[in-house]
Amino acid sequence: MVIEADPELCVGSGMCALTVPDLFDQSQDDGTVVVLRPVPADPELDDVRDAVRRCPSGALKLTD
Amino acid sequence: MNDMVCPITNGLPKVRERPLDPPAIFGQLRDDRPIAPMTFPDGARGWVVTSFAHARTILTDSRFSSQGSLKHLAFASELATELDIEKDLPPGQFEHMDPPEHTRFRKLLTGEFTLRRMKAMVPQIERIAAGRVAAMRAKGQSADLVRDFSVPMSAQVICELLGVPEDARGRFEELSFRALSLDVKAEESKAVLDAIVNLLIEVAMGKVAEPGDDLLTGLVTGGQLEPAELIGVTLLLLVAGHETSANMLSLGTYALLREPEQLAKLRADESLIDNAVEELLRYLTIVHIGVQRTPTEDVELAGVTLRAGETALIHLPSVNRDPERFPDPDRLDITRGAIGHLTFSHGIHQCLGQQLARQELKVGFTTLLREFPDLRLAVDPDEIPMRENMTIYGVHELPVAW
Chain A
1 MVIEADPELC VGSGMCALTV PDLFDQSQDD GTVVVLRPVP ADPELDDVRD
51 AVRRCPSGAL KLTD
Chain B
65 MNDMVCPITN GLPKVRERPL DPPAIFGQLR DDRPIAPMTF PDGARGWVVT
115 SFAHARTILT DSRFSSQGSL KHLAFASELA TELDIEKDLP PGQFEHMDPP
165 EHTRFRKLLT GEFTLRRMKA MVPQIERIAA GRVAAMRAKG QSADLVRDFS
215 VPMSAQVICE LLGVPEDARG RFEELSFRAL SLDVKAEESK AVLDAIVNLL
265 IEVAMGKVAE PGDDLLTGLV TGGQLEPAEL IGVTLLLLVA GHETSANMLS
315 LGTYALLREP EQLAKLRADE SLIDNAVEEL LRYLTIVHIG VQRTPTEDVE
365 LAGVTLRAGE TALIHLPSVN RDPERFPDPD RLDITRGAIG HLTFSHGIHQ
415 CLGQQLARQE LKVGFTTLLR EFPDLRLAVD PDEIPMRENM TIYGVHELPV
465 AW
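Here the protein sequences line up with chains A and B, keeping their order. Once you know that position 5 of the first sequence is 5 in this note's numbering, the rest is easy, because the numbers rise by one and skip nothing. Each position in the second sequence, counted from 1, maps to that position plus 64 in this note's numbering.
Hints were generated in silico from the structure; no laboratory data involved. In this text the structure is predicted, and so the values were computed from the model without any measurement. Every residue, glycine too, gets a C-beta built ideally from N, C-alpha and C. Just so you know, nobody snuck in bad clues.
In silico SDA-like pairs for lysine to any residue, Cα to Cα no more than 25 Å straight-line:
| id | chain 1 | residue 1 | chain 2 | residue 2 |
| --- | --- | --- | --- | --- |
| 1 | B | K426 | B | D208 |
| 2 | A | K61 | B | D125 |
| 3 | B | K171 | A | T32 |
Here are some of the chain A residues that sit facing chain B, going by a computed Cβ distance under 10 Å:
| id | residue |
| --- | --- |
| 4 | L9 |
| 5 | V11 |
| 6 | S13 |
| 7 | G14 |
| 8 | M15 |
| 9 | A17 |
| 10 | P21 |
| 11 | D25 |
| 12 | Q26 |
| 13 | S27 |
| 14 | D30 |
| 15 | G31 |
| 16 | T32 |
| 17 | R53 |
| 18 | P56 |
Some, not all, of what chain B presents toward chain A, calculated at C-beta under 10 Å:
| id | residue |
| --- | --- |
| 19 | T167 |
| 20 | R180 |
| 21 | Q414 |
| 22 | C415 |
| 23 | Q418 |
| 24 | R422 |
Could you build all of it, start to finish, from the sequences and the hints given here?
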């Protein structure tokens with residue numbers, strides 16, 4: 001599973017960084033999503049799904 | 065639609081059966097018709113949304129507009145609780161805009177409100193909270209938490225973020241206190257607003273002469289906003305950031321003092337604070353007028369047709385009490401994982417300052433509980449005056465003793 005993030009859609013709410021700080025951060029310049037590690041470990045997948053669901057602008061996807 | 069009775073007429077009902085629960089009618093509506101017809105006080109026909117799932121759907125659907133000119137007053141009132149967005153406020157109120165206009169403003173600011181930056185502000189926020197505790201102690205054994213803690217703390221945090229210089233903070237705090245206690249006629253409301261705008265202009269001019277390392281300097285020197293827009297954006301940050309945090313601090317404390325079991329749990333284990341903050345945000349949902357979205361074309365949803373122009377009011381307090389999403393929703397339970405609530409809304413307009421709010425509430429509640437081990441209400445809980453008439457729900461005053 002791979003995390004895909006679209007900075008164009010991102011509105012910088014910080015929900016992903018709050019939910020899984022090991023995998024997500026925000027750009028210092030415009031606050032948009034920065035994926036620290038695109039391939040999460042299996043035990044992290046549930047948290048990543050939470051982050052995807054909480055993203056207010058639909059900027060995150062978890063794909064096969 | 066003619067066969068449907070319209071249960072909410074002349075705007076939202078204000079009377080609550082219990083001060084911390086939304087009016088019971090919204091729960092009944094959710095069971096029967098989660099998207100129900102309503103009429104606004106100006107006579108316009110629209111919809112009230114009470115289910116969590118439909119709220120999320122509408123808030124992320126780009127066929128729904130946030131344009132201020134399409135919104136309506138939510139409460140019938142002679143009071144100046146809601147200002148006319150287009151007539152009374154300077155330009156730059158981007159919560160009432162759609163893309164691409166909204167995007168231009170939001171992208172200018174998102175870098176200033178990242179989780180990382182807000183966490184870096186915690187030492188400053190702690191210093192501010194400690195200052196308020198000292199001021200409360202100086203008064204003796206009792207104080208009004210609203211006037212002596214929440215309002216000045218929240219004002220000082222936003223001053224720190226914006227970069228309002230020390231010599232202007234006293235005036236700023238006084239004006240913000242007046243703005244927050246307004247249940248007066250439109251003229252006084254307008255006068256306070258004008259005074260705040262003038263103070264912001266003065267502070268912004270000061271940043272041209274003497275730039276600092278703060279948000280306002282960034283906006284002034286960035287050159288991306290017209291001067292009037294710059295003042296408008298600053299005003300939006302101020303109003304959105306100050307009135308909300310101040311009321312959450314007071315109302316959250318009130319809720320905890322009313323629920324001794326929950327309070328004891330939090331006192332026994334400070335690590336519950338993150339959960340407690342999310343749960344208080346959900347349970348109290350102080351944006352009790354909800355948020356509005358207007359379909360720009362006919363939209364079919366949940367068996368109804370929302371016609372173009374018929375505004376949907378997402379009733380956030382009852383959306384956050386949807387049992388489908390939060391089991392036993394009317395119970396305050398600081399151990400539940402309430403994150404994912406819609407208190408900060410959802411979609412592209414979700415609260416820009418939410419990570420600041422989280423840090424501020426966390427520091428505020430932790431400081432109060434740590435510094436005042438015997439904090440209690442100084443009057444009967446049912447005597448506390450609630451802000452039923454105000455845009456943001458909360459308490460007008462909160463006499464506490466320790």
